[in-house]
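Peer 1: Sequence:
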Amino acid sequence: MKKQESRGWKAHYIANQNGKVFKISELSDSRINGHIGNLHQKVKTIKIHLDMLYEQRAIRAGEPVEEGKSIRKIKNILKIKEPTANNDEAKRMRSIVLLALKYLEEGKDNSLIIALLEQARNEV
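Heads up: the sequence shown begins at 2 in our numbering, then just goes up one per residue.
Just so you know, these hints were derived from the structure itself, not from any lab.
The reader is advised that the hints may include incorrect statements.
What the hints assert, rightly or not - Only pairs whose alpha carbons sit at most 20 Å apart, straight line, appear in this in silico PhoX-like list of lysine-lysine:
#1 80 <-> 48
#2 48 <-> 24
#3 48 <-> 21
#4 103 <-> 92
#5 80 <-> 45
#6 82 <-> 92
#7 24 <-> 45
#8 70 <-> 82
#9 43 <-> 76
#10 76 <-> 48
#11 70 <-> 43
#12 48 <-> 103
#13 76 <-> 45
#14 74 <-> 45
#15 43 <-> 74
#16 80 <-> 70
#17 45 <-> 70
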């Protein structure tokens with residue numbers, strides 16, 4: 002089990018809606034599932050609240066409302082990194098070049114290989 006950082010609270014304990022505290026490692030399966038469901042709902046509610054708060058702040062500042070800001074902020078808080086488009090594009094281009102080399106080795110028609118490489122060049 003991954004050791005959780007504690008910053009002023011005990012992460013290995015959880016409280017229910019009534020404030021009763023439980024040790025997570027001692028919870029039954031049904032209680033674990035109940036807590037997971039409750040936390041999923043809380044996350045959805047927090048996202049809605051963030052959307053409304055960011056919208057209200059933008060309106061009061063006279064700025065345009067930025068779509069997706071709360072999701073971006075939540076990902077930033079949780080340190081979730083977005084996959085880079087450049088990395089995906091580089092992988093795709095590499096696979097096209099490898100396919101062209103394979104066709105050359107197999108002695109396929111040069112017009113097919115040229116068409117494949119030209120299509121890749123036009124997408125860049």
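Peer 1: Hint by hint, note whether the structure agrees.
Peer 2: Now the hints, each set against the structure:
With a C-alpha separation of about 16 Å, the suggested pairing of residue 80 with residue 48 holds against the 20 Å cut-off. A distance of roughly 27 Å separates the Cα atoms of residue 48 and residue 24; the hinted pair therefore is violated under the 20 Å criterion. Restraint check: the Cα-Cα separation between residue 48 and residue 21 comes to about 26 Å, which exceeds 20 Å; the hinted pair is violated. For the suggested pair residue 103 and residue 92, the alpha carbons sit about 16 Å apart, so the restraint of at most 20 Å is met.
Between residue 80 and residue 45 the alpha-carbon distance is near 18 Å, which keeps this suggested pair within the 20 Å criterion. At most 20 Å may separate the alpha-carbon atoms for a hinted pair to count; residue 82 and residue 92 meet this at roughly 18 Å. Distance hint between residue 24 and residue 45 is unfulfilled; the C-alpha atoms sit about 25 Å from each other, more than 20 Å. With a C-alpha separation of about 15 Å, the suggested pairing of residue 70 with residue 82 holds against the 20 Å cut-off.
About 16 Å separates the Cα atoms of residue 43 and residue 76, which keeps this hinted pair within 20 Å; it holds. Under the criterion of a C-alpha separation no larger than 20 Å, the hint pairing residue 76 with residue 48 is consistent with the structure, at around 11 Å. In summary, the hint linking residue 70 to residue 43 is supported, as the alpha carbons are separated by about 18 Å, within the 20 Å threshold. For the suggested pair residue 48 and residue 103, the alpha carbons sit about 49 Å apart, so the restraint of at most 20 Å is broken.
In summary, the hint linking residue 76 to residue 45 is supported, as the alpha carbons are separated by about 14 Å, within the 20 Å threshold. Between the alpha carbons of residue 74 and residue 45 the distance comes to roughly 14 Å, so the proposed pair stays at or under 20 Å and holds. A threshold of 20 Å between alpha carbons decides the hint, and for residue 43 with residue 74 the separation of about 16 Å falls inside it, so the pair holds. Distance check on the hinted pair: residue 80 and residue 70 sit about 15 Å apart at the alpha-carbon level, within 20 Å; holds.
Of the pairs offered as hints, the one joining residue 45 and residue 70 holds, with about 15 Å between alpha carbons and a cut-off of 20 Å not exceeded.
Checked against the numbered hints given earlier, the structure breaks hints 2, 3, 7, 12 and satisfies all the rest.
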